[in-house]
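J.: Listed below, chain by chain, are the residues.
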Amino acid sequence: MTRNSPPAEADLAALRARATMLRRHMLTMARGQGAGYIGQGLGIADALTALYFHELRYDPDNLGWADRDRFLLSTGHYSIALWAALAEAGIIPVAELVTYGADNSRLEMSTLDTTPGVEVIGGSLGHGLGQGVGQALGLRLDRSEARVFVELSDGELQEGSTWEAAMSASHFRLDGLVALVDCNGIQADGPVVLDMEPVADKWRSFGWETFEIDGNDMDAVIETLAKARQRNGKPKAIVLRTLPGKGVRRIEQSEKSHFFRVDVGQWDAIIDEFEHSVGAKR
Amino acid sequence: MSRAMEAGRTLAMGENEAAGGGRQSVDAPFGKALARLGQERENIVGLTADLGKYTDIHPFRDAYPERFFNVGMAEQNLVAVAAGLARTGKQPFATTYGVFASRRAFDFVAIALAHSNLDVKLVAGLPGLTTGYGGTHQAIEDLALMRMIPGLTIIDPMDATEIDAATVAMSDHRGPVYMRLLRGAVPVVLEPGYRFEIGKARQLRDGKDVGIISTGLMSERAVDAAALLEKRGISVAVLHVPTIKPFDAETVAAFAASVGQLVTAENHVVVGGLASLVVETLFDAGIVRKVTRIGLPDRYIECGAVPTLQQKYGLTVEAVVERIVGLQ
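From first to last, the protein sequence lines are chains A and B.
Residue numbers for the first sequence follow numbering that gives the first Met the number 0, so the first one is 0 and each next one is one higher.
Residue numbers for the second sequence follow numbering that gives the first Met the number 0, so the first one is 0 and each next one is one higher.
Worth flagging that the hints you see were computed from the coordinates, not collected in a lab.
There's no promise every hint is true.
[To be verified] Covered by chain A, per the in silico footprint, the following chain B stretches (three or more residues, Cβ under 8 Å): (1) 82 to 96; (2) 109 to 120; (3) 308 to 317.
Here the structure is a predicted model, which means the values were calculated and not measured.
Each residue gets a CB set at the ideal place from its N, CA and C atoms; glycine is no exception.
Turn these sequences into a full structure, and let the hints steer you where they fit.
T.: Right, here's the structure in full:
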């Protein structure tokens, strides 16, 4: 939010409640369309909550603020999570979320940068980190303190351009650049088709200060984001081990989590179960 | 001619590939223009992918080292980083060879730059047949590839004067641009005061028997060929089309109507580039004309000395003259 640095103390209970709101929005969106990249969205919900409601400096009423921190969603198909976060942050209306993926909606199933709050065109995987490097260079030329956070995925690590960008970030000593590497173990053809392990060692060997945590542990995410603030000449990589569908048992257990499609009755059952699990009384 | 007699010196990278006709030349006109612009336009930044010396951007690098980034041999990242810089209000000029900017980084040019209409200028060396390094380095089809990208402006300048003017025009223009680069000692063909405008063709010479529509370094060859043909009683007009996209269809159609035979001349394969644009333009205007297409064949070109190869593939002044005489 608008401030010069993240708050010293994180209200973890409030952040967890916010993550539940993001998940609730995502289920509404997916139900409306009957399908979506809900598994990925639910998996990254905790990290996006930590960013948008704790770590990032931005002003919902002045999206063009030059000194804002940038969040670049490289995996455009995770848009369902970004729309939920932007709605909660007051950047897009909550009421608009039901248009997710519909004709003429600006809440696309894969992000275009024409929607407010979107800092990069996603979708063609392997683009985000390089654009993050460019933005970090530009901000440094302007002597801005703003930082650049780039989300990318384990499958995306198979794109060679990701590593071109990783090399250049450490070469240019971009210590205000933070890569959030979502390792959820799935990609289009199923479980990761090309073994990318050891992921953290790869980033370290490319000169990045690297952390590896449970990406669904809010406490760990907040704590690690704080460590990544250090301006020590090195870009930071946070390897997030996440569970696709996190928080919604039937989606967690689904084998087809890359793109999840069920009928409306099943969506209702999934949502009932979710609300029961988070303690809402219906 | 025997193979041994044909063999010439293979021009190494870094040498001049465009100088011809015994004209005056300017060294590194692009880099000089960029360095000059950089003085007043502080948001201009320079990038290259390990080809700074070979793409004439060194005058800018030397003047503004803190605004210059060499990303190494990584053309996808070159374009991505330029896109990111543009998103922070910078105006990046990124250089590499045409083959790498088009073939290797195509998705980045299309999506990272053009889809978002970012203010990035790609300046691409070794256009067409201007190196003896063979198919890996000869950007013979870059215009065809790049013109398929929506919103991308494409410039193929003919000489040092135009490179200077186009560099300024590119910077004045908001949006992605791909410019073919003639590097090293680049001949001066156009008069001082020549006005370059994105999207405008210029008639360089009047004539009635034959009209050559040309772009890039072939416009110099076309002008020289026209002078020689005049001595042989053939009146040749030359229309120079430095902007491939947006294409000056109106001027091209009017020019075609004003001449007898119609010839296109480009330092590029004869499919997908200038010739195709001219034919599409004429069809759109309801004009059915025979068009003689001078340019490279639809094949990869071997290694060899540039003059030898340009003669073999019909890009020299002499070859243009012969081709047009043959039409009479």
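J.: Run every hint past the structure and note whether it holds.
T.: Do the hints match the structure? See the list:
With 9 residues having a beta carbon nearer than 8 Å to a beta carbon of chain A, the segment 82 to 96 of chain B meets the requirement of three or more and the stated coverage holds. Interface restraint, the segment 109 to 120 of chain B with chain A: holds (4 residues with C-beta to C-beta distance below 8 Å; minimum three). As drawn, the segment 308 to 317 of chain B meets chain A at 0 residues by the rule of a beta-carbon pair under 8 Å; below three, the given contact is violated.
Hint violations for this structure: number 3 only, all remaining hints satisfied.
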